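**Student:** Protein chains in written order, with the numbering used here: chain A, 1 to 629; chain B, 630 to 1089.
Hints listed in this document are in silico derivations from the structure and should not be mistaken for laboratory results.
Do not rely on the hints blindly, as some may be mistaken.
What follows is a list of derived Cβ distance ranges for each label pair [stated by the list, open to error]:
hint, chain 1, residue 1, chain 2, residue 2, range
1, A, 492, B, 1079, 21 to 27 Å
2, B, 794, A, 293, 25 to 31 Å
3, A, 508, B, 957, 50 to 56 Å
4, A, 293, B, 1075, 39 to 45 Å
5, B, 1047, A, 263, 30 to 36 Å
6, B, 1047, A, 340, 47 to 53 Å
7, A, 584, B, 1032, 26 to 32 Å
8, B, 819, A, 584, 49 to 55 Å
9, B, 1079, A, 293, 33 to 39 Å
Under the rule of at most 25 Å between Cα atoms (straight-line distance), these lysine to aspartate or glutamate pairs were calculated in the DMTMM-like manner [what the hints assert, rightly or not]:
hint, chain 1, residue 1, chain 2, residue 2
10, A, 423, A, 197
11, A, 514, B, 818
12, A, 106, A, 222
13, A, 92, B, 818
It should be emphasised that the depicted structure is a prediction, and the values quoted were computed from it without experimental measurement.
For each residue, glycine too, the CB sits at the ideal point set by N, CA and C.
Listed below are the residues making up each chain.
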Amino acid sequence: MILPASSSHGFDVVVVGGGHAGCEAALAAARIGCDTLLLTMSLEKIALMPCNPAVGGVGKGQLTREIDALGGEQGRNTDRSYIQMKMLNTGKGPAVQALRAQTSKKLYEDNMKRVLAAEPRLYLLEGNAAGIDVSRETIAGVFLDDGSRIPARAVVLACGTFLRGVIVIGEQRFPAGRMGEPPSSRLSENLERWGIELGRFQSATPPRVDARSIDTDKMTVDPGDPSPQHFSFFSAATRRKQVPCYLTYTNEKTHEVIREHLHLSPIRTGSVSGKGPRYCPSIDRKVINFPDRDRHPVFIEPEGIRTRELYLQGLTTSLPVWVQEKVVRATPGLESARIMRPGYAVEYDFALPSQLRPTLEVRDLSCLFLAGQINGTSGYEEAAAQGIIAGINAARHCLGQEPFTLRRDQAYIGVLIDDLVTKGVDEPYRMFTSRAEYRLLLRHDNAHSRLSPLAHQVGLLDDADYEKVVRHESSLKDLLAELGTARVQPSPAVNDYLESCGSSAISSAVTAEKLLRRPHVSLDPLARAAGLDIEERFVPDVRRRAEIELKYSGYIERQRADIERRSRMESIVIPEDFDFGAISALSIESRDRLSRVRPATIGQASRISGVTPADISILSLYLERKAPH
Amino acid sequence: MRANETIAAISTPFGAGAIGIVRMTGPRALDICHRLFRPAGGGDLADAPSHTLHYGHIVDPATGESVDEVLVAVMRAPATYTREDIAEINCHGGPVAQRKILSLLLDEGAVLASPGEFTRRAFVNGRIDLVQAESVAQVVSARTEAGLRVAMAQLEGSLSREIAAVRRSLLGVLASLEAGIDFADEDIDDVDRDDAGKRLQEQAGRLRELIDSAFVGRVLSEGVRTAIVGKPNVGKSSLLNALLMRERAIVTEMPGTTRDTIEEIINIEGVPLRLIDTAGLRNSEDAAERAGIDRSRRAIREADLVLCLFDGSEREDDHDRALINTVPAERTIFVVNKSDLFRGRRPSFNLGLLPAEPVLVSALTRQGLSELKGLIAGRVLGGEIPAPASPVVTHERHKRLLEEALAAVERTLQGLRVGLGDEILAEEVRAAIVSLGEITGEEVVEDLLDTIFRQFCIGK
Ligand SMILES: Cc1cc2nc3c(=O)[nH]c(=O)nc-3n(C[C@H](O)[C@H](O)[C@H](O)COP(=O)(O)OP(=O)(O)OC[C@H]3O[C@@H](n4cnc5c(N)ncnc54)[C@H](O)[C@@H]3O)c2cc1C
Chain A
1 MILPASSSHG FDVVVVGGGH AGCEAALAAA RIGCDTLLLT MSLEKIALMP
51 CNPAVGGVGK GQLTREIDAL GGEQGRNTDR SYIQMKMLNT GKGPAVQALR
101 AQTSKKLYED NMKRVLAAEP RLYLLEGNAA GIDVSRETIA GVFLDDGSRI
151 PARAVVLACG TFLRGVIVIG EQRFPAGRMG EPPSSRLSEN LERWGIELGR
201 FQSATPPRVD ARSIDTDKMT VDPGDPSPQH FSFFSAATRR KQVPCYLTYT
251 NEKTHEVIRE HLHLSPIRTG SVSGKGPRYC PSIDRKVINF PDRDRHPVFI
301 EPEGIRTREL YLQGLTTSLP VWVQEKVVRA TPGLESARIM RPGYAVEYDF
351 ALPSQLRPTL EVRDLSCLFL AGQINGTSGY EEAAAQGIIA GINAARHCLG
401 QEPFTLRRDQ AYIGVLIDDL VTKGVDEPYR MFTSRAEYRL LLRHDNAHSR
451 LSPLAHQVGL LDDADYEKVV RHESSLKDLL AELGTARVQP SPAVNDYLES
501 CGSSAISSAV TAEKLLRRPH VSLDPLARAA GLDIEERFVP DVRRRAEIEL
551 KYSGYIERQR ADIERRSRME SIVIPEDFDF GAISALSIES RDRLSRVRPA
601 TIGQASRISG VTPADISILS LYLERKAPH
Chain B
630 MRANETIAAI STPFGAGAIG IVRMTGPRAL DICHRLFRPA GGGDLADAPS
680 HTLHYGHIVD PATGESVDEV LVAVMRAPAT YTREDIAEIN CHGGPVAQRK
730 ILSLLLDEGA VLASPGEFTR RAFVNGRIDL VQAESVAQVV SARTEAGLRV
780 AMAQLEGSLS REIAAVRRSL LGVLASLEAG IDFADEDIDD VDRDDAGKRL
830 QEQAGRLREL IDSAFVGRVL SEGVRTAIVG KPNVGKSSLL NALLMRERAI
880 VTEMPGTTRD TIEEIINIEG VPLRLIDTAG LRNSEDAAER AGIDRSRRAI
930 READLVLCLF DGSEREDDHD RALINTVPAE RTIFVVNKSD LFRGRRPSFN
980 LGLLPAEPVL VSALTRQGLS ELKGLIAGRV LGGEIPAPAS PVVTHERHKR
1030 LLEEALAAVE RTLQGLRVGL GDEILAEEVR AAIVSLGEIT GEEVVEDLLD
1080 TIFRQFCIGK
């Protein structure tokens, strides 16, 4: 292990935890120009996926895309490591389409490790953090479990499910961060001692079975897209053999077995505490809550190319292993399935995210940042998204630069972090597109247009990559201008096309833009029918973007107007030391809520649940009174 | 600042049925109240301990008659919202009684509170400093919101229950759309568009009914906005005076809540008419009135009811004809004045020009006035105003939000017809739910997720 010359005085940034959040945080800090240490329990387990072997999906995929636009690694690394790629929601509008990749887990880990190792200012160290070093309410470094101390100017904790982690299978309970790995309990105690308030959540994973022991003839094949798209705007197109997934369903027999053994389920025995996610119920829970459903889907996903493990999505459970086997085997196609790894639940501490600033810095402990599952989220994408923001801010702090945050109308990442710090969490937080009020603006296809200029400014996107985004944008601009002026004549070809997509024929020349605003009218066939040579001059991504921008233009304008209206509230800053408790005109409850979250702007204050418009008026009144005139 | 004055205002803009509050704060609040209040159980309000309720009557000192049966809340400084003495008079009678009580308080020396003044006092007394001028706007909106919350409670829940029901149904539609979007890779059927259309139609109907009820609500709380129009010298002000005199109506001068004009209320057989453009009426024979039709046009636009007046003793001219074409026949009562001049004979004015049968009156001799009053009351109460048994929208802001919600639901229905994508339909339904949430103070996302997880079995 070669540490940099500066290491005797410590590092600029120390990141604890080599999971999805930690990797992005460490890469961002190092790339911005800080000497950064990634400290993690095992260098064999970098960016490990303890649950499903997939990245992306609706909502999550947009996060990954945004991470890529910001110069992060998750998108590129998924493109390097996927074994199946699929665009979801193609039957619905482009605003809600999202990519999902099945990855080879080991490949993903190895590729990420290679990227980390190649990063000049990034150092890796295997070790176990036992506490933080604090001097005058500011972080000074971390302590390892052997008592040694690593000084740092900023620390990012990204410890995932490890804080006082306990694994539960049936009646068994034992301390562990993930299966086969020790928990991180001293760190939990240490954080509590520093006044960080912790909560307790739980999450579970299904059993993995041997590919040789299942009968895929009884299942539906679920292949990848014939021409797969990439997560990263910067990835070169690759051709690769894709691996199929399979779909089967549980049946009454499966449910019968579960009902027979429910008394052994941790749900019933109470051996698991902590709140689990509603969107990821165990099969036990599904059978209890939806007794009328005669089947539940089970997606079978390969865990990689060099292993025979198959992940049984939909059969999450922490019943005793012998019951798991009965449940699995009651399901069509899995009658002789052999379990290779049993399913289990893990219970862990998380830090209440309302203690954080929008930069993910702990409000009362300067220079300590928290990212990932430790903030009460779940999922690789949610973790990575927080990682990159924490990494950027830790680095900017060291460089004496202004904080970096994203607004709700700029990015899903903005929605994610604002929700966390403003509303807090009462179950593990996962991204859904319905959480975003400006969903039509926050799309997969325009993530780079939204965020890459910022990433370039921050120093996370190099000139060459940024240049690609700029070229794409200017080509889009040209195309939109052209479509705004190009007149489509009422030729038979054009009218045939229009009628074929259920639109009315035209009798005089109309701009292409106007026609494209109609529902169901698409650019490529229209251009062809109208004899416009657009396909030759613009790449598919640009043509698609143009079409989307035009289709949604009316709604986009409306959303922009709404953003404009609210921007005043977002721009009124509440001073750090503002004493909410002293405003007697506010109700006691509102004073409490505001003091807990300590919002940074009036806009943020207005989103705290229970804070009324009247409270906001009174608050603005005070702030304006305080402002110098 | 009028820090030493005692201020009073009606703090709930509500109509018959609902309990209204007339509020007063300041050093003389309890004293003024004491002079008008006759407690049912005897005793003296001026000595009443803080935070006590007193049952009795408000009595008009001029006549000795009871104006309304009331509950008076006595709150003494400093443990009050304004940190001054407060008297809150909870009245049972409708808006007319509330206004009468307010006018009695003002007669006794209270000053009419300007919008936001209660909160401003609270603020000032909490912090001593002077309030900066530019802050007033915020205080006003704070007061409106606070009033809103009271309003919700006052509606005895029926309006909020109805809105909640509409919102719940819309949330159901949104949940089916959103579940299909956010859980694309799960076992969820696409939304049934026919069913969604039916549910949306139903909710649009309910929203329309609520919006229509706003008229009743406003009539109950503010009176029927009435314009008396006609060219100069047809006798508009005489008609007004005749209506006022005959009724010995309760006439209060009060600043309008939205516009700072002085408006008058006449009570016609229990129907409050609020006369608009009374300034124009009073100065009807002066030069300003020569602007004639133009000025009336505005009044006509704003009016719920138009009394369109002609001089029956003269032949019609171009002005009269223009006016007939301007007024909306369905909201207009045609009145032909000066019947004393053509008694028994045919009027010189050609009645055949009028789209509806006119009432012949003489403002001078009062002939035909009771017929006119009967017609006004019948017009307003008969058919045009439904009985307020169902929920009634009484607040302008609520009405606007309901209209926004309805517009969004209608856009969704239109979107269903032309086959727009689920994500756009969801956008519109969500906009409707957000508007309703601004009335009831609820957010979308958590309720939506709850609905999704209840309706659908989600879970990898
Ligand atoms: C059993 C299980 C089931 C799950 N189910 C789901 C699911 O259904 N859906 C879903 O979206 N997500 C699920 N997840 C969560 C998903 O794996 C995480 O959300 C994601 O990996 C979190 O990323 P992270 O970077 O925050 O933490 P992790 O990926 O957990 O990484 C944490 C890293 O920190 C290291 N570390 C911890 N403490 C210390 C210390 N003191 N010193 C040094 N290093 C330390 C660990 O070794 C590890 O490398 C599940 C996780 C588990 C374990």
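**Student:** Now tell me, hint by hint, if it's right for this structure.
**Tutor:** Against the structure, the hints:
no.: 1; hint: A:492 / B:1079: 21 to 27 Å; result: 53 Å, violated
no.: 2; hint: B:794 / A:293: 25 to 31 Å; result: 28 Å, holds
no.: 3; hint: A:508 / B:957: 50 to 56 Å; result: 39 Å, violated
no.: 4; hint: A:293 / B:1075: 39 to 45 Å; result: 25 Å, violated
no.: 5; hint: B:1047 / A:263: 30 to 36 Å; result: 54 Å, violated
no.: 6; hint: B:1047 / A:340: 47 to 53 Å; result: 52 Å, holds
no.: 7; hint: A:584 / B:1032: 26 to 32 Å; result: 37 Å, violated
no.: 8; hint: B:819 / A:584: 49 to 55 Å; result: 53 Å, holds
no.: 9; hint: B:1079 / A:293: 33 to 39 Å; result: 19 Å, violated
no.: 10; hint: A:423 / A:197; result: 15 Å, holds
no.: 11; hint: A:514 / B:818; result: 33 Å, violated
no.: 12; hint: A:106 / A:222; result: 22 Å, holds
no.: 13; hint: A:92 / B:818; result: 13 Å, holds
Hint check: violations occur at hints 1, 3, 4, 5, 7, 9 and 11; the rest are consistent with the structure.
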